[in-house]
Amino acid sequence: MRTVKLGDYIGRGHIVTVSLVLGLMGLSWTLGLTSACGGSTQRPPATTQTRPPAPSAPSATARDSGGREDTSRGDLVPVDESDDILSMSLEDINAQSPLDDIHFDYDSAELSGEARSTLDTNVQWLRRNPSVTILIEGHCDERGTVEYNLALGERRSMAAYNFMVSSGLPSERIKTISYGKEFPLDPGHDEAAWARNRRAHFVITSK
Amino acid sequence: MRVTRLGFIALQSFAILGFSGQALSAQQAQPAQEAQPATPSPQDTDWYVQVARPGRPVYMALPTFALRGSAAAESAQVLSSVVWSDLEYASIYRLVPRHLYKIAGENVSPNSIDYYQWESIGTDILVVGTAEIQENRLVSEVRLYAVQSQQMVFGKRYEGPASGVRTMAHRISDDILLQAGNYRGVARTWIAFSTDRRGGQSKEIYVMDYDGENQRPLTANRSLNLTPTWSPDGQALGYISYRNNRPDLYIAFINEARGEALVAGPGMTFTPSWSPDGRRIAFTSTRDGNSEIYVINTDGSGLRRLTNHPSIDTAPCWSPNGREIAFTSDRAGAPQIYVMDSDGLNLRRISYEGSYNDSPTWSSSRSFSEIAWASRIERGPFDIVVYNFETQQVRQLTTGRGSNESPTWSPNGLHLVFTSTRTGSSQVFTMNRDGSNQRPLTSQGNNTTPKWGPAPESVEP
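Top to bottom, those sequences are chains D and W. Numbering (the numbering used here) for the first sequence: 2 to 208. Numbering (the numbering used here) for the second sequence: 52 to 512.
It is possible that part of the hints are untrue.
[Stated by the list, open to error] Below, a sample of chain W positions facing chain D; criterion: calculated Cβ distance under 7 Å: (1) Thr337; (2) Pro361; (3) Thr365; (4) Ala366; (5) Gln489; (6) Pro491.
[As the list claims (entries may be wrong)] Simulated coverage check for chain D against chain W, where a stretch passes if three residues somewhere in it have a Cβ under 8 Å from a Cβ of chain W: (7) 86-94; (8) 135-146; (9) 179-191.
Because the hints were derived from the structure by calculation, they are not lab data. Glycine residues also receive a C-beta, built at the ideal position from the N, C-alpha and C atoms.
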């Protein structure tokens, strides 16, 4: 089997052909191809190597506002979406936010019912895309101190991590990081902004 | 990793002239005492006993440095103005206002000092300086006179590159405080901090003079870099960098373009604090499952864990003698300040006011035993408070203007640097230990986690 990096084809106009071929080959072939590409490595894409990903696209954040998660999204995903992500760049995949943020109460790393529900959905998506690895970012709102919030952000990312691993996802697929209050999603200074910033955010790091 | 050279301008040579038979030792700082600002503690020297009068602050007069030759006009101006600002900032001596000097004779030279006139405008100590350019080198002679006893008590000749006028002025200021009252000044100290001014979702470590001048980068790796900590010799900085997609502890050297990771996982590493003896760094790590405090030797050996509690334990900071560590823990439900021995034993809580206390910093003043931290007292944002171990009292230094966080002490324990959002963005401020003279040092971007560096005793010849 020829080792092929799908990324090589992006931008050269071959992408449609490749994905059609893969679609015909079926899921098991896709798995084999991915492992030949070294899909188990944890390296993030070069474009975001030393920076956290840019804030989510407006459509994604609109869904996040007020802390409500569209938990039905997973059920509406067409069966062949997993094949589509293999043909997309990591940047494009993350821009679509296939994994929703979860949110936290002030000064807390406890998982609410809503958060657990969102995590369940995220776990299901990750089961359908078993080659994907993720990074869970823990974030805080601006009201605590810089130093303590770094640790609180770690707690939040670990809460999500522990839930997902307990749900059966292999721990090697998940890394965690904390940004404390350093990179707020919403730069505002009101309750709505703070609520959006108290979150764990999921980034696809390889596929 | 690329570390930008700071291009430290050092005075190239020093020539010491002994005046009036007084042989002066080399300029290295001698053991010094601090006391309450404006009321120096008594010294043994005869002339000092004559100057200090209990209950009355000591006044210093500092006329503009006299020019020798016209080439030094601008240098003389900068020297005078920077020394003035340094001495005013130090808040140890009061400065006789310049508009009174004409009474005593505007052009002061060592051969023509009208001591009675200087005394008549309230001067206790007179500083007379000159400035001259000799072959592209700036040369300055500075003399201190005890006005009442009409004697010169200190004289020194400074020489350096003409471009290094601020550095020379800071040197002069520190020497004046040392010679006049055995005080350790901060004029030559630097402050490190984290800034987002370069944009691109990055924060880099910058260094600046204690007065906000000369802000320049230490890191340029375009990731999140924060919480710097100085080595006690001022030659290196520890800091947290996310350049490899995980918060790790790096060491960067001020005068060399080299740096390396000291702690690179496992888990996340936060809030490093360099020990006073230079041999260890305390830090937070999540390697064992949650945020705990660890200590490691600066050569990478001897990792030991100090805390053992499911709570968040973070923000360690050493006592001046290196035998204790203050830190933040939420084991009581919300972040509070605790102290433990440097081996982890004898752990006890010291903050009991305010609902949220974080970022302790331990003063290395020889006169005051105190710790400062950021405290949420009644309102949401934070204020800087100081806990004094002797009185067991907490005093509040900032009051109700923005959120004030991340305090650290100056090396002489007379000032603090901290951040404040009172202007609408996060900026680095300094103030005296009584809360007076709060002033911003930065204005560009958002600037956080400042750390006041040590006096550079080993940097100068």
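Indices of hints not satisfied (ascending): 2, 5, 6 and 7
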